[in-house]
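There are 2 protein chains.
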Amino acid sequence: MERANFIGESIEYLHRYTMKSLQKQAEEHGVTIPQVRVIAEVFAHKTVSVKLLSQNLKMTQSTVSDIVERLVTKGFLEKTPNIRDKRLVDISLSERLDENIDESIAQIQNQSLIGVLDRLDAKEQEIVEQGMQVLVSAVKEKMIAEDMDDNKFFNILYFSERDEPKK
Amino acid sequence: MERANFIGESIEYLHRYTMKSLQKQAEEHGVTIPQVRVIAEVFAHKTVSVKLLSQNLKMTQSTVSDIVERLVTKGFLEKTPNIRDKRLVDISLSERLDENIDESIAQIQNQSLIGVLDRLDAKEQEIVEQGMQVLVSAVKEKMIAEDMDDNKFFNILYFSERDEPKK
DNA sequence: ACACGATGTATCGTACCCGATATATATCAT
DNA sequence: ATGATATATATCGGGTACGATACATCGTGT
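Each protein sequence line maps, in turn, to chains A and B.
1 is the number of the first residue of the first sequence in UniProt numbering; add one for each residue after it.
1 is the number of the first residue of the second sequence in UniProt numbering; add one for each residue after it.
Since the hints were derived computationally from the structure, they do not count as laboratory data.
For clarity, every value in this text was computed on a predicted model and none was experimentally measured.
Warning: the hint list may mix true and false statements.
A pair holds if it fits inside one copy or across any two, identical chains being indistinguishable in the list.
Pairs of lysine-lysine, DSS-like flavour, derived with a Cα cap of 27 Å [stated by the list, open to error]: (1) 24 <-> 123; (2) 142 <-> 24; (3) 51 <-> 123; (4) 58 <-> 24.
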């Protein structure tokens, strides 16, 4: 099916573009964009566990563990064992980072996409957003229908709260 | 900007979904999906260079070199130095693969996306396709406007011919 | 109190992906 | 012909990403 082909390529293209584009901004701070995403999430929570990060960022626990480890080495994050549950690790911003973080890092996120949308008029932006919504919804429905065992990561609350693990 | 946020997350989500979903099919053949993409491209050309693959697949030359190397090791591809230009390497399917390839591998590509689109009616599919078109066009325009030095890889003919390097 | 299953992290192996660099070959100017 | 430049590939280092596994800790049931 030609349409699926085009959409598949588009997704691949857009993904690479956003990654590459954001990377340039992140480099100036000496971090990568997955690292920025982790930092932003930690910043939003003040203190989080690896588990929570992996849920909110939709990465596996092992990936998050890796990234956090590098950020600790770089001195951006700090890990302290949780008192109440010694399995948990409390991840928080290092003091050094806790001040300079203002807009600089936390807002790198989708700077480039904003620049892209600026080139479109209101109507075109609507079209783009609607297309995304429809497609994402369809994907989510399909996953539910097929009962993918990735349910833990790719579940229905992906775009809902963005934060709460919802016990 | 909220809209940019949503779109950025959508792209990330769709990318991960398509990758994960396709991976399952590819696994049955003992390959990964980047490997499938390379194989399909070689299949379409009968014989190609690393350079051409990297242009058509929008991966860097080093990435393609890696993947080709693994496929050679697995016995799926063959490398023979080009006679007329000894810098070039001719990449082709191994004999073993040249027969069993029929539909099986070459069409793995976007099976899952088709399944997703099937859940949408004609009108919704239009919306999705249009949204992608508008967004991709805007991205391409922005890249031209900013004269990104990635021009060699991310250029205007991305979605045009899909094959020709266009000398 | 204790065994057992569930849960949270870290670690390992593999693949991908990129930029930078090295090497060999080709091409072009003189 | 020769030297400078350009091109094609391979290689290296580092970061991402995942599944599988190991390990410690928690909770529960008995």
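Going down the list of hints, with the structure as the test:
Taking the closest pair of Cα atoms, residue 24 and residue 123 never come within 27 Å of each other, the shortest separation being 30 Å inside a single copy and 38 Å across copies. Proximity of residue 142 and residue 24 under a CA criterion of 27 Å is satisfied inter-copy only: 15 Å between copies versus 35 Å inside one chain copy. Taking the closest pair of Cα atoms, residue 51 and residue 123 never come within 27 Å of each other, the shortest separation being 40 Å inside a single copy and 40 Å across copies. Proximity of residue 58 and residue 24 under a CA criterion of 27 Å is satisfied in both settings, with 23 Å inside one chain copy and 18 Å between copies.
Hint violations for this structure: numbers 1 and 3, all remaining hints satisfied.
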